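Trainee: Using the supplied hints, reconstruct the complex from the two chains, each of which is provided in its own coordinate frame.
Just so you know, the sequences run in chain order Y and F.
Just add 22 to wherever you are in the first sequence, counting from 1, and you've got this note's numbering.
Just add 97 to wherever you are in the second sequence, counting from 1, and you've got this note's numbering.
Fair warning: there could be bad hints in the mix.
[As the list claims (entries may be wrong)] If we take Cβ atoms under 10 Å as the criterion, some of the chain F residues that face chain Y in the derived model are:
hint, residue
1, Asp110
2, Lys170
3, Asp174
4, Gly179
5, Phe205
6, Thr206
7, Arg212
8, Pro223
The set of hints was computed from the structure by calculation and includes no laboratory data.
This one's a predicted model, so the numbers in the text were calculated from it and none came from an experiment.
We put the CB at the ideal spot given by N, CA and C, even for glycine.
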Amino acid sequence: MAYVPPARHLLRARDLADARYFEPLGVDDLARAAGLSRAHFSREFRRAFGESPHAYLLTRRLERAAALLRTTDRSVADICFSVGLQSVGSFTTSFTRTFEMSPTAYRAAFPPAADRALIPTCVLRVYGRPQNRTFREDKVAARA
Amino acid sequence: MIRIANAQLWVHDQDEALAFYTKKLGMQVRSDVTLPEMGNFRWLTVSPPGQEDVAIVLMAIPGPPVMDEETAKQVRDLVAKGFAGTVFLTTDDCQASYEELKGRGVEFTETPEERPYGVDSAFRDPSGNSIRLTQVREMAAV
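Just chain F, same shape as in the assembly (with noise of 0.2 Å):
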């Protein structure tokens, strides 16, 4: 059976979306890593209580020789335009997570609505990935 355990998202700054992921989002680390022999490689995953089995991994944009200075910058540009992927997040109540984490500061680029599929909201993290918060509604079995 496969499972899904981890995806990745590109982050302008580990300790900044550490930061945001766990403070504002309310997430918690699932593993912090640093590997001195691997030029400080630091494996760090997130992911909400109650979820422990899959995690977000936010990964530091490398430079070389694994990845050249060019190809870096374009996915730091790439990441900075908002091109580099969304985290879909879904929630048992969408206006009362929104308030919450508006609360603690996370700029909301889409207020809660009310849509065919359920409530939803988005919002970016500060590297500018996309985020979107979803209340699903249940659908009539077919």
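Bound-form chain Y, shown alone (with noise of 0.2 Å):
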């Protein structure tokens, strides 16, 4: 049997919240593939990619969802659920928080280009996926 290292099957639960971002999933489901306890799964996946799982999960969502604001004329509210999350109010709170604009805003900043390269989908998930902001930031730059 061939080594493992562990990071490997941390890339499996990451490789999962991008494949099934649209599906009620959680950090509870990334650990099961992973297969490694919540808590320590959580430690682990921080360590190896500098972020939470939730935070990666989320962003990937929020990545999504910009994707679909700047390329469709679905509702938010449409957009919210397909990306996977349960409540408009909190993606709507998330979204502004992350992109510094609310949902609407960013669509009419964005128009749609059809005349953009056409840089491979996997490039642009992987750029396109914001910088998760919370409301600590300040006190970490503070403290830094």
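Mentor: Set out below in structure tokens:
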């Protein structure tokens, strides 16, 4: 049996977040995919990828939501549910905190551009995923 | 004239990688040479049938003195985290290739989907390297 670095299992969990973000997926499901207990998983994931699995999953969903806002005319509520989030209120809050504007303002700011270069979707997903923002950032910055 | 001959991927285990790339992906071994005089260094390359002038080198992550233990661990971890590179494969029928590979036990991270540039899907090799499988749309001549 080949040696498998522990990070390979964490990657499996991250792949699951990328592949099935639109389902009601949570950190428990990701931990299960990695074969680790939830607390241990969250710690190891953060150590490997520099952010919590919760933040990774949320920013993947926000990235997908942002893409749908830019490229479709579907409603904000519809987009919220179709990226696996359950509450339009908390979606709007997370989105606004992350992109520094509301979903509707974001849509207005980025009219669809059909003449863009044809960049592979995997690249767009990796580079489009926003930095997670919390309300505690100022404190972290002050401590640094 | 400069041409691409081989491009190298780090793998955690050459036998495991060999089985994956040949038995599951259907590639062929282009060379498999072990050099006892060089610490049993194994030059292992594979490529798809019909494409014999370009190959993927399935390279084991070496230990000292080639690579110090700390660097080797970093490379192993980078591969396992999926940040060591991507192989972009093309197919003339993404859905059919997807079904075929799935039937052989390849776990896809992205099922075939329509993109502006074609039909695209993705999976990983056992080490964590990302592999994309794309049916590229014919672009109208500009």
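Trainee: Confirm or reject each hint.
Mentor: Each hint, compared with the structure:
The criterion of a C-beta within 10 Å of any C-beta in chain Y is met by aspartate 110 of chain F, whose closest approach is roughly 3 Å, and the hint holds. Annotation: interface hint on lysine 170 of chain F holds; nearest CB of chain Y at approximately 8 Å, less than 10 Å. Hint on aspartate 174 of chain F holds. Least Cβ distance to chain Y is approximately 5 Å, under the 10 Å limit. Evaluation of the glycine 179 of chain F hint against chain Y yields a held restraint, the C-beta minimum of about 5 Å falling below 10 Å.
The interface hint given for phenylalanine 205 of chain F holds, since its Cβ lies 8 Å from the closest Cβ of chain Y, which is under the 10 Å cut-off. A distance limit of 10 Å between C-beta atoms decides the matter here; for threonine 206 of chain F the minimum to chain Y is near 5 Å, and the interface restraint holds. The beta carbon of arginine 212 of chain F comes within 5 Å of a beta carbon in chain Y, closer than 10 Å, and the hint placing it at the interface holds. Taken as an interface hint, proline 223 of chain F checks out: its beta carbon lies about 7 Å from the nearest beta carbon of chain Y, inside 10 Å.
Checked against the numbered hints above, the structure breaks none of them.
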